[in-house]
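> Sequence lines, in order, name chains A and B. 0 is the number of the first residue of the first sequence in numbering that gives the first Met the number 0; add one for each residue after it. 0 is the number of the first residue of the second sequence in numbering that gives the first Met the number 0; add one for each residue after it.
In short, the hints are calculated from the structure, not lab data. The beta-carbon is built from N, C-alpha and C at its ideal position, and this holds for glycine as well. Errors might be hidden in some of the hints.
Distance condition first, Cα-Cα at most 20 Å in a straight line; then the derived SDA-like pairs of lysine to any residue [claimed, not checked]: (1) K61(A) / P42(B); (2) K179(B) / C35(A); (3) K179(B) / K61(A); (4) K61(A) / I9(B); (5) K29(B) / R86(B); (6) K29(B) / C35(A); (7) K29(B) / R63(A); (8) K179(B) / N1(A); (9) K40(A) / K29(B).
Distance windows between CB atoms, simulated [what the hints assert, rightly or not]: (10) A19(A) / Q10(B): 21 to 29 Å; (11) G149(B) / P33(A): 29 to 37 Å; (12) T177(A) / S168(B): 48 to 56 Å; (13) K6(B) / G59(A): 22 to 30 Å; (14) Q14(B) / E3(A): 49 to 57 Å; (15) D175(A) / N162(B): 48 to 56 Å; (16) D37(A) / Q133(B): 20 to 28 Å; (17) E24(A) / K6(B): 27 to 35 Å; (18) K40(A) / Q14(B): 50 to 58 Å; (19) E3(A) / K6(B): 17 to 25 Å; (20) Q133(B) / Q4(A): 33 to 41 Å.
Rough simulated footprint, nothing fancy, chain B against chain A, three-plus residues with beta-carbon under 8 Å [said to hold, decoys possible]: (21) 8-15; (22) 46-52.
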Amino acid sequence: MNHEQYELLMSAALDGESTAEERRELELHLAVCPECADLWKRLCAQSAALRAMDCQLPDGLKERIMSQLPARKPRRSPWKRWAAACACLVIAVGAVFAGSRIWQAGSAAPGSSADSPAGGSSPQAYPSENGWEGVADGTLKLGPQFDQCPAYAFSSAASFCYRVDTALPDSVCILDSTESLDTFLSQLQLSSSSDPDSGEDTWASQLSQLYDADYFSSGRLAAIVIKEAAGTPQLLDLTAAEVQVSLSRFPEDERADWLILATVDGSFSAQDDPTLTLIEADNS
Amino acid sequence: MFPIEEKELIQRARQGDHAAFEALVGRWQKPVYHQALRLLNDPEDAADVTQEVFLKLWRALPGFRGESSLSTWLYRLTDNTAIDLLRREKKRHGDLSLDDENLAVCVPADPSCSPQEQTERREVQSAVADALAQLSQEHRRVLILRELNGLSYEEIGQILVLNPGTVKSRIARARLALAKLLEGTFSPASASKSTKGGDGHES
Chain A
0 MNHEQYELLM SAALDGESTA EERRELELHL AVCPECADLW KRLCAQSAAL RAMDCQLPDG
60 LKERIMSQLP ARKPRRSPWK RWAAACACLV IAVGAVFAGS RIWQAGSAAP GSSADSPAGG
120 SSPQAYPSEN GWEGVADGTL KLGPQFDQCP AYAFSSAASF CYRVDTALPD SVCILDSTES
180 LDTFLSQLQL SSSSDPDSGE DTWASQLSQL YDADYFSSGR LAAIVIKEAA GTPQLLDLTA
240 AEVQVSLSRF PEDERADWLI LATVDGSFSA QDDPTLTLIE ADNS
Chain B
0 MFPIEEKELI QRARQGDHAA FEALVGRWQK PVYHQALRLL NDPEDAADVT QEVFLKLWRA
60 LPGFRGESSL STWLYRLTDN TAIDLLRREK KRHGDLSLDD ENLAVCVPAD PSCSPQEQTE
120 RREVQSAVAD ALAQLSQEHR RVLILRELNG LSYEEIGQIL VLNPGTVKSR IARARLALAK
180 LLEGTFSPAS ASKSTKGGDG HES
């Protein structure tokens, strides 16, 4: 072992992540190498100091936090109703999607085209309750990964990502009217009208209000339903610079994990093997 | 706080119980704030991030399935939110106002230590905090998750999207980088043990 390997071993030993044999080997080496023995002492002291670090909590922080919470109750996840997806839905949706136009997101990142509204929208432009996150600046951007959160959104000029718990095949389809949006949402068993229980707007009805006739007079949506690929849970992690989803690879009986609505322009073109590239917004 | 009690708080908070949520905030605001503070080196930003983290928690609670612990979830949220802020504001690491009182480390009074030992301890803590602030973002993140938040290599790997082996080597490199910055702070020469003769005098 060279010194570098012993250094790695020291670090692992500090965290209790070394085997008994490795520890023994380290101890033997420390007994005969003053340099490493010195480093070991310093690393131990350093680690102890880090673990003992403390800070001063600002006054009134808890009050600040509590005062900003929305007054009404957090929305019960609407997706629970569809947690048990039914096979007939898959067939129905599959049939509908087969009939829709399938587009490829071309090399132009969706939403980055010139005719997207200039200047990113601020997060406040989007509904901020029910787990929505507004993150905007004109290119499709991915929101933070909350694997426990059933619903959150990211937005570019007019796009959202919302986790769904429904079995759906991967697909991309173009929506260019309120009717097509309603049809699409109903396939996910999302009602566009208000929640009869609470009278509050469902996520779907909020979407319908946002993408209304005015929007469709000049815009189109790409509705993208994708799944988290096995082995790549970081699919939509903010830290990923680029996410590529090859839609054709996923078996039909897997659950969809993401519904993304993205404003698209005419640069979309049909391809036999649709792929989707979601590129993190450039912050420079 | 006992885990059982916390589960109950979460359950109640999910249903909109503000008091239950406030109890969770009381329990977790300091670890979250501290993590943000050491990542951002700015108390105002850290407070903003803390606020944002708990707002996100409030909104996301209905979907919390309890499969991972609340702490891991919070630390991941904090890391994400802080890094997001850094990215948006393009703060460079090391952009640290050393005069800022709020960044001074707290060293709890320890009656068993002499005032001199207290001072030395505070100086050491201060040096460590400064050095941590100067580390690269990647090194700082991983070291904070390990040493401040006490997460395992596996948990850290999940948050940073790295496999545990990469976490292991990155932590080692972070420690070495920190040690380099702290050369002289822990050196035996600064301690009383000296082979040069004479008794160990407090300097």
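> None of the hints should be skipped; say for each whether it holds.
Against the structure, the hints come out as follows:
Note on K61(A) and P42(B): the hinted pairing holds, with a Cα-Cα distance of about 15 Å set against a maximum of 20 Å. With a C-alpha separation of about 14 Å, the suggested pairing of K179(B) with C35(A) holds against the 20 Å cut-off. The suggested pairing of K179(B) with K61(A) is violated, with an alpha-carbon distance near 38 Å, which exceeds 20 Å. Under the criterion of a C-alpha separation no larger than 20 Å, the hint pairing K61(A) with I9(B) is consistent with the structure, at around 17 Å.
Of the supplied pair hints, the one linking K29(B) and R86(B) is violated, its CA atoms being roughly 23 Å apart against a limit of 20 Å. Between K29(B) and C35(A), the direct Cα distance comes to roughly 36 Å. Violation of the 20 Å bound is thereby established for this hinted pair. For a cut-off of 20 Å, the pair hint linking K29(B) to R63(A) stands: about 14 Å separates their Cα positions. Between K179(B) and N1(A) the CA atoms are separated by roughly 19 Å; this keeps the pair inside 20 Å, and the hint holds.
A distance of roughly 30 Å separates the Cα atoms of K40(A) and K29(B); the hinted pair therefore is violated under the 20 Å criterion. At about 42 Å, the CB distance of A19(A) to Q10(B) disagrees with the hint of 21 to 29 Å. Between G149(B) and P33(A), the C-beta spacing of about 31 Å keeps the proposed range 29 to 37 Å intact. At roughly 54 Å, the beta-carbon separation of T177(A) and S168(B) lies within the given 48 to 56 Å, and the hint holds.
Range check, K6(B) to G59(A): Cβ separation about 29 Å, and the 22 to 30 Å hint holds. Distance hint check: the CB atoms of Q14(B) and E3(A) are about 53 Å apart, consistent with the given range 49 to 57 Å. In this structure, D175(A) and N162(B) break the distance hint of 48 to 56 Å, their C-beta atoms being roughly 43 Å apart. One distance hint, 20 to 28 Å for the beta-carbon pair D37(A) and Q133(B), holds here, with the actual separation near 22 Å.
Our hint of 27 to 35 Å for E24(A) and K6(B) is violated, since their Cβ atoms are close to 43 Å apart. Between K40(A) and Q14(B) the beta carbon distance is about 52 Å. The supplied range of 50 to 58 Å therefore holds. Evaluation of the 17 to 25 Å hint for E3(A) and K6(B) yields a failure: the beta carbon distance comes to about 44 Å. Remark: the range hint 33 to 41 Å for Q133(B) to Q4(A) is contradicted by a beta-carbon distance near 26 Å.
A count of 5 residues in the stretch 8-15 of chain A with a Cβ less than 8 Å from any Cβ of chain B is obtained; the coverage claim is therefore met, three being the minimum. Given a C-beta distance limit of less than 8 Å, the hint that chain B covers the stretch 46-52 of chain A holds, as 6 residues qualify and 3 suffice.
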